[in-house]
Amino acid sequence: MAGANDKVDLQVGLQAIADLDRTVHSPARLLILAVLYVSEEVDFGFLLGRTGLTRGNLSSHMARLEEEGYVTVQKEFVALRPLTLYHITRQGRRAFSAYRRQMLSVLASLPEE
Amino acid sequence: MNSQMVVENLENDVRREVRRAYYADGLFDLVYGLGIVFISMMVLSEIAISLWFLPVLYAIVVLPAAKKRWVQPRVGYVKPGRPTRTWQGLMAALTALLLAGVLITALSGRGEQSPLLQGAYRVIGWVMSRFGLLIGLIAGAATAWNGYSLGLKRLMGYGGGMALAGALSTWRGLGVALPVHLAAPERSGALFFALLGLAMAGVGAALFGRFVREHPLQREEA
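Quick mapping for you: the protein sequence lines, in order, are chains U and V. One point on numbering: in my numbering, the residue at position 44 of the first sequence is 44, and numbering is uninterrupted. One point on numbering: in my numbering, the residue at position 107 of the second sequence is 107, and numbering is uninterrupted.
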């Protein structure tokens, strides 16, 4: 019977892995979303400093998150300097929370050392 | 620490990191320190209570603008989001309690004869006679707790300073002891808050000066 339970747990774990949101699952995007999740607004320069990504790399990740509807972009000028501000959307917030729940269930189904 | 705890702590760690970054440049201390000085001056000058919110409004408007102007070009700009759910719950409960009090008083409908209304007047009178002490203790505890949770000793110091200023503000003899004329001696305790605000602004100015030196302007733009 123990074997049957293990099988069920493994299936649940595999299903949880398969259901993971691929947009959030990327380490860089996960870190970006984590910063945005706890912030009201964040600018490009702050994310650049915190994530350690290159400008091009960060831009492409932000574009992906924007495409998925997880972030919105607001551009403005302050003292003649461009300021690009990012805000997490409600959808992005839900995706991040759901990802965290799924990861916890995945980790719970894996054997400990 | 197992991997589940790592995932659960991710949000708290990032939240702490973001909030520490927000306080690192010293602008918060500078702007809010000056705000406390302005409020204290208004209290000392017997300006109407309804206008006391103006320095708070100044700080709310000036701080993000100053950060975007001087901090963003150097290390980027971040505005921390909503506090944790525990804090939100606490604030919601406090607001609900205050609103319930107001509602009950308003609906009592029996004018000044109402024991409920007379009780409310007594509570308001009690609060107003210890306003400095209560504000000092409540704001001090919140600031010290914030500093403790972020590991920022200076915020803990401000919290202690607020509580001390609140306690000292109950000293009624100060208005007589001062060699200057105060419009309302019973409000002279605000002077301690003004001194605390000046100290905060001084610390903030020093931190901001160091921040500007350590982070010269970047040439490239996003």
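If you're looking for bench data, these hints aren't it; they were derived computationally from the structure. Mixed in with the good hints there might be a few duds.
Said to hold, decoys possible - In silico DSS-like pairs for lysine-lysine, Cα to Cα no more than 27 Å straight-line:
| no. | chain 1 | residue 1 | chain 2 | residue 2 |
| --- | --- | --- | --- | --- |
| 1 | V | Lys-79 | V | Lys-68 |
| 2 | V | Lys-153 | V | Lys-68 |
| 3 | V | Lys-79 | U | Lys-75 |
| 4 | U | Lys-75 | V | Lys-68 |
| 5 | V | Lys-153 | V | Lys-79 |
Hint check:
1. V/Lys-79 <-> V/Lys-68: Distance ~10 Å between V/Lys-79 and V/Lys-68 Cα, so the pair holds.
2. V/Lys-153 <-> V/Lys-68: 26 Å, holds
3. V/Lys-79 <-> U/Lys-75: Given that 27 Å is the threshold and the Cα spacing comes to 16 Å, the pair holds.
4. U/Lys-75 <-> V/Lys-68: The hint holds at about 13 Å.
5. V/Lys-153 <-> V/Lys-79: 21 Å, holds
Against the hints set out earlier in the document, no violation occurs for any number.
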